[in-house]
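Trainee: Respectively, the protein sequence lines represent chains A and B.
Numbered by my numbering, the letters in the first sequence go through residues 1 to 144 in order.
Numbered by my numbering, the letters in the second sequence go through residues 145 to 574 in order.
Where hints are given, some of them may not hold.
[Said to hold, decoys possible] Far from chain A by the CB rule (all over 10 Å, computed), these chain B residues:
(1) 240
(2) 432
(3) 484
(4) 536
(5) 568
[To be verified] Covered stretches of chain B (in silico footprint by chain A; criterion: 3 or more residues with CB under 8 Å from a CB of chain A, positions within the stretch not fixed):
(6) 216-230
(7) 246-254
(8) 348-360
(9) 544-550
[Stated by the list, open to error] Some chain B residues flagged as far from chain A (calculated, every beta-carbon gap over 10 Å):
(10) 422
(11) 423
(12) 477
Just so you know, the hints here were simulated from the structure itself, not pulled from any lab data.
Ideal Cβ positions, reconstructed from N, Cα and C, are used throughout, including at glycine.
Below, each chain spelled out in residue letters.
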Amino acid sequence: MPSITQHLSGEHRACDHTFAAAEARAAEGDLVASRDLFEEFFEAMERHFRREESVLFPEFEARTGQTQGPTLIMRHEHEQMRRVFQDLATAFDAGDAGQILGLAETLLILMQQHNTKEEQMLYPMSDQALADRLDTLLEAMQRP
Amino acid sequence: MRGIADLSLEQAPPLWTPFLFLFGAPWFGVLAGALLLKVGALPVLDRWQGAALALTHLLTLGVLTLSMCGASIQLLPVLVGVPVPRVRWVAAWTWPLLVAGTLALAWGFLEGGTPWLVAGAAGTLAGLAPFLVAMGLALARARVSHHSLRAMALACVSLAVTLVLGALLVAGLGGYRTFDEIVLLAGLHLSWGLLGWVGLLLAGVAWQVVPLFQMTPEYPPLVRRFLAPGLFLWLVTTLPVSWLWPGLWPWILLPALLGMAWMAALTLQLQRRRTRKTPDLTLDYWRLGMACLLAALAVWPLGALWGGPWVWWLGTLMLPGGVLSLLNGMLLKIVPFLSWFHLQHRQMAHLRERGGLVEIPHMHALLPTTLGRWQWRLHLLALMSALATPAAPGLLARVTGGLLVAAYGLLGLAFIRVWLGYRSAQGQFG
Ligand SMILES: [Fe+2]
Ligand SMILES: [Fe+2]
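Please model the entire structure based on the sequences and the hints provided.
Mentor: This is the structure:
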C-alpha cells in the first residue's frame, strides 16, 4: 500500500543523491560539472516543494483546519532553502569554490532537518488525516 | 508576514540556551589538561588517586554532560517535534549549578576533601534534576514515537541513576561504607554513566544523525527496536545481581558491552556505504570514535584481569578516544550551523520588511575548515600521547596534558571566533 510518507520520502532520497554528487564534484574542483548537477538538484527540489505547497499542504490544512500549524513552518523552511539555492547560484557565478562548499554544507543540514520533520511528523499525520483520499492525492503528486 | 518567521523559530530555543552549555564545555577540557600537566603520572598509575577521579569528572561532567545538555536542548525540537519546556529557566538554573558542582567535585577529589565533594554532588544533582524533568516532559509530549525517542528517555533515566549512585559514593567516601562496596558502587556508577547515559543517548542520536547527514543506509529496524531497551534492561539487572553476587562483577557487563560494540561496528560498516563522499571532519571524528570504542572493548577484559596500564588504556580509548571524539565531531557542526540559522532568520526578516539583501557568513566562514582540521590534529596527537603514556608516565602524562590544553583551547577559541562572526554579522542589521 503506497503512502504519502513513502512517496515523498522517496523524492527526498532522490534529491539527496543528486546533492551528494553535486557537492562531491565541487570538492574535487570541477565547478562546471558541479553546477550542472546543482541545477538538476534545484529543479528536483522545486518540483518537490510544489507538490507539497500546492497539493499536500492545502489538503492537509483543509482537512485538519490547521493553517497556522506545521504546514506554515514547512512553507517557511522552503523559503529558507530557496534563499540558499540563490546564494549558491551567486557563488557559482563568482566561481568561488570555498563559498560553494560552505553553502552546500549549510544547506545540507538545513534540508535534512526539514526532511526529518516531514518524514517523521507531517507525512505520517497526512497519511492518517487523508487516508480516504490517498489515491487521488498520490496521483496528483505523480504529475510532472 | 511576521507571524510566519516567529512561528518557525518558536520551535528553536533562543540561541544563548544551547550556546551557554556548548561554549562552556571545551574549557573543562582545558582544565583537565592543566590538571594532568600539574600532577603528571599520578592518575596513570592508579585510578583511585584523587587526581584521576578529578580528571575523569572534569571530562565526563564538564565536557560531556555539559555539551550533551546543550545539544539535547537544540536537537529535541528537530528530532521529536517538541521544545524543552521553560528552556530559559532550565538553562539559567542548570548551567551555573552544573558548572559550580563539577568544579567543586574536582577540587574535592584533589585536595578539598569531603565538604567539597558533598557540595559538588549536591550542586550537580540540584542542577541536573530540573533539566531531567524538563526533558522528561518534552519526551512525554513528543509528536512522534520512534526508537530514538525511547533511547533518549532511557538515557535520561540512566543519568538519574548515575547521579544517585554518585551521591551514594560521596556518602561512602565520607566514611561509612567498606572499601569493597565502594569499588562495586563506583563500577556501577561508571557503567550507568558510560553505557546508560552516554551510550544510549549516542545510540539514539546516531540512528537519526548518521543516515541523515552522512547519507548512509538506515540502521536495521531490529537494532533500533531492541538495542536500547535491551541495554537498559541489562543495566537494571546488574544492579541487584552484582550486589548479591559481587563475584560476577565486572563480567556481568559483557553483554551490554557487546551490544555497544555491535553498534560501533555497524556504524562503521554503514559509513562505508555512504552516498555523500565529500571529505568531512565530523565523519572522520565519528570513525575515529567508533574505532576507539571497538578497541576499548578488546582491551576491557585485560583491564578487568590485570589492571595497571590496561585500565588507563581502557579509559583513554573509551572516553577521550571514543565518546569525546564523537562529541567533538558534532560540536564542530552544531555551533556554526546554529549561528548561521539564527542569522538567516534575521536576514529573511530584513529582506521582507525593508528590502535589500544583507550578506551573512555561512558555516565555513564562521568556523573555517582549516581551524577544525588543526583541532583534529591536536586531538589525535593528545590521544596518541595518552596511549603511549604508560611507557614513560612521568614525561608523557605532562605532554598529554599540554596537548589536551591545546586541543580544547583551540576548540574553545574556535567557538569564540564563531560568536564574534555572529555578532558582527548581527551588527549589519542595525
Ligand atoms: Fe518540504
Ligand atoms: Fe519534503
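Trainee: Is it the case that residue 568 of chain B keeps its Cβ farther than 10 Å from each residue Cβ in chain A?
Mentor: holds, 17 Å
Trainee: Would you assess whether residue 240 of chain B, listed as outside the interface, keeps its beta-carbon beyond 10 Å of every beta-carbon in chain A?
Mentor: Given a closest Cβ separation of 30 Å, the condition holds.
Trainee: Regarding the assertion that residue 422 of chain B does not contact chain A, is the least Cβ-Cβ distance greater than 10 Å?
Mentor: It is violated; residue 422 of chain B is separated from chain A by about 5 Å at its closest Cβ, not greater than 10 Å.
Trainee: Within the assertion that chain A covers the segment 246-254 of chain B, do at least three residues meet a Cβ-to-Cβ distance smaller than 8 Å?
Mentor: Violated, because only 0 residues of the segment 246-254 of chain B bring their Cβ atoms closer than 8 Å to Cβ atoms of chain A.
Trainee: Does the segment 544-550 of chain B contain three or more residues whose Cβ lies closer than 8 Å to a Cβ of chain A?
Mentor: Answer violated; 0 residues pass the 8 Å Cβ test.
Trainee: Taking the closest pair, is the beta carbon of residue 432 of chain B still more than 10 Å from chain A?
Mentor: Residue 432 of chain B clear of chain A: closest Cβ-Cβ about 20 Å, beyond 10 Å.
Trainee: Minimum Cβ separation between residue 423 of chain B and chain A greater than 10 Å?
Mentor: violated, 6 Å
Trainee: Against chain A, does the segment 216-230 of chain B show at least 3 residues with beta-carbon separation below 8 Å?
Mentor: holds (count 3)
Trainee: So is residue 484 of chain B really clear of chain A, every C-beta pair being over 10 Å apart?
Mentor: Since the minimum Cβ distance to chain A is about 6 Å, residue 484 of chain B lies within 10 Å and the statement is violated.
Trainee: Using C-beta distances, would you say chain A covers the segment 348-360 of chain B, given that this needs three or more residues below 8 Å?
Mentor: Check passed, 4 qualifying residues.
Trainee: Since residue 477 of chain B was said not to touch the interface, does its Cβ keep a gap of more than 10 Å from each Cβ of chain A?
Mentor: violated, 7 Å
Trainee: Is it correct that the beta-carbon of residue 536 of chain B has no partner in chain A closer than or equal to 10 Å?
Mentor: The claim holds: residue 536 of chain B sits with its nearest Cβ about 41 Å from chain A, beyond 10 Å.
Consistency with the previously given hints fails for numbers 3, 7, 9, 10, 11 and 12, ordered from lowest to highest.
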